[in-house]
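Keeping their order, the protein sequence lines are chains A and B.
When the letters of the first sequence are read in order and numbered with this note's numbering, they come out as residues 1 to 289.
When the letters of the second sequence are read in order and numbered with this note's numbering, they come out as residues 1 to 289.
Everything labelled a hint here was simulated from the structure, so no lab data went into it.
Check each hint, because a few of them may be wrong.
Calculated pairs, DSSO-like style, for lysine-lysine (alpha carbon to alpha carbon, straight line, at most 30 Å) [to be verified]:
| # | chain 1 | residue 1 | chain 2 | residue 2 |
| --- | --- | --- | --- | --- |
| 1 | B | K212 | B | K269 |
| 2 | A | K233 | B | K269 |
| 3 | A | K262 | B | K212 |
The lines below spell out each chain.
Protein chains: 2
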Amino acid sequence: MVLSIAHLGPSGTYAEMAALACAQQLQAEIKAEIQLCPYPSIIQTLYSVAERQSQLAVVPVENSIEGGVGVTLDTLWQLDVLHIQRALVLPISHALLSCATGLENIQTVYSHPQALAQCQGWLHQFLPNAQLIPTNSTTEALQQLDQDVSTAAIASQRAAQIYGLPILAYPINDHPDNCTRFWVLSPEVAPQGSHTSLAFSIPANLPGALVKALQVFAERGLNLSRIESRPTKRSLGDYLFFVDIEASLDTETVQAALIDLKAQTEMLKVFGSYCIYNIEPCNTESRFN
Amino acid sequence: MVLSIAHLGPSGTYAEMAALACAQQLQAEIKAEIQLCPYPSIIQTLYSVAERQSQLAVVPVENSIEGGVGVTLDTLWQLDVLHIQRALVLPISHALLSCATGLENIQTVYSHPQALAQCQGWLHQFLPNAQLIPTNSTTEALQQLDQDVSTAAIASQRAAQIYGLPILAYPINDHPDNCTRFWVLSPEVAPQGSHTSLAFSIPANLPGALVKALQVFAERGLNLSRIESRPTKRSLGDYLFFVDIEASLDTETVQAALIDLKAQTEMLKVFGSYCIYNIEPCNTESRFN
């Protein structure tokens, strides 16, 4: 049996690093052969699992600097068939890759918009005149580097190693505590864990509707580790709320809270209960590729 | 006296359309000469007003499909000197611009990531094999079009008019009710209006802390028209909450709620009280440029 893990590709992205860490965890737990499957977008990554082309998807949910990844939350709500199996927290440490001999020769910097945003202070200080060009992934940013020595890209140290590109500066993040949380998803109902994630919509224009919904957790002493609003896409001012609770779905307290919550909300979707693992960046080539 | 309005440029962006609508409103109210000043980023647009190089900034806050504009909220919190003067809601209607003779010849589509996301269903249906390339603005996407007939860009009808480019398809948004809310900001304390916006941080890991903060509004029958969380950038799981209330800052109810809120929060910043105006897309050349 081959277990395939879908992630945002190509090889060298942070999503691939998280997928590799997930593969290493699973290798210790199950006997299957594991294969990583890169997809060109987060939406395609999630659909590949919903349509059973892959068994698991590893997708970013939230970065500690740039915030939530809207497309992940929106697609999860729309699909309504995926369950969270575990969460992985990956420290993010960006490097400036370039074939230039020094910073003074760099005129253009390519990277994913989140990576450009996470290094904006460094870029403003050391490359104030460089043009910043967004790309679909940190790996895609590497394409021009060996043809044009006036260009640079922001990516991981691992990407530099895979593609044989020189690192001009490292680390270049503005905030040292930069990390990204990923969810590992599959169509199977999740085992229980320390955290539970769900989302709901509430009647629009009803004063206190959100407070009433959140109160079902507060009055039971359940801590919310996160709340994020996303547009319903029906009209401006109409939202879904994504909530993480620090408790397992199979506790009586959470079950009672969810019964109350159902009465306070228009639509309620529970994405599962799971544990959070801190993982280390992986700098070496892997046998899972 | 010249009143300058900063916005994300270059000419042809939706932000410029909102700035033009703002200029037209102001023209009817004051006697000053009005000038639009395009900036290459939202951050630079906001800093230009904080540093008194421009009098007003017009920046996007939220799109009805893609959600909040994190960089606007983050910069507003950091600067802590700008006040909201008014809000403008602009309907967003995207066109596909290209010098190609038909859709079958298009291999690449350029646009701002938000515009690409807002048309993803249309692109998937009509250009399933096209490569999607992000750009810094919808206007920047137009640069290659006249040199390469295998490329297209997503931008407004107005951009097509300004740059003399043919429209191949219109409208191509997936959701007809697509609109973007802009804030008009200046260092001056705002006049009063129908809505009040503020942001606060709460003690981390205290169950019910967010509920207690929101309760100060619910128990007074004050409706929240929006709540959005943003990372504090200190550590994962530590948030700021941006809240819009449907009431004026100078009412006794709001004043009392804010006194209570101060006791429940770590840090509280009030961005002002203002009115919301629905504006029309502007398709003609303007004398404010």
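Hint check results:
A distance of roughly 17 Å separates the Cα atoms of K212(B) and K269(B); the hinted pair therefore holds under the 30 Å criterion. Only pairs whose Cα atoms come within 30 Å are accepted, and K233(A) paired with K269(B) is accepted, the gap being roughly 29 Å. Between K262(A) and K212(B), the direct Cα distance comes to roughly 21 Å. Compliance with the 30 Å bound is thereby established for this hinted pair.
This entry satisfies every hint, going by the numbered hints stated previously.
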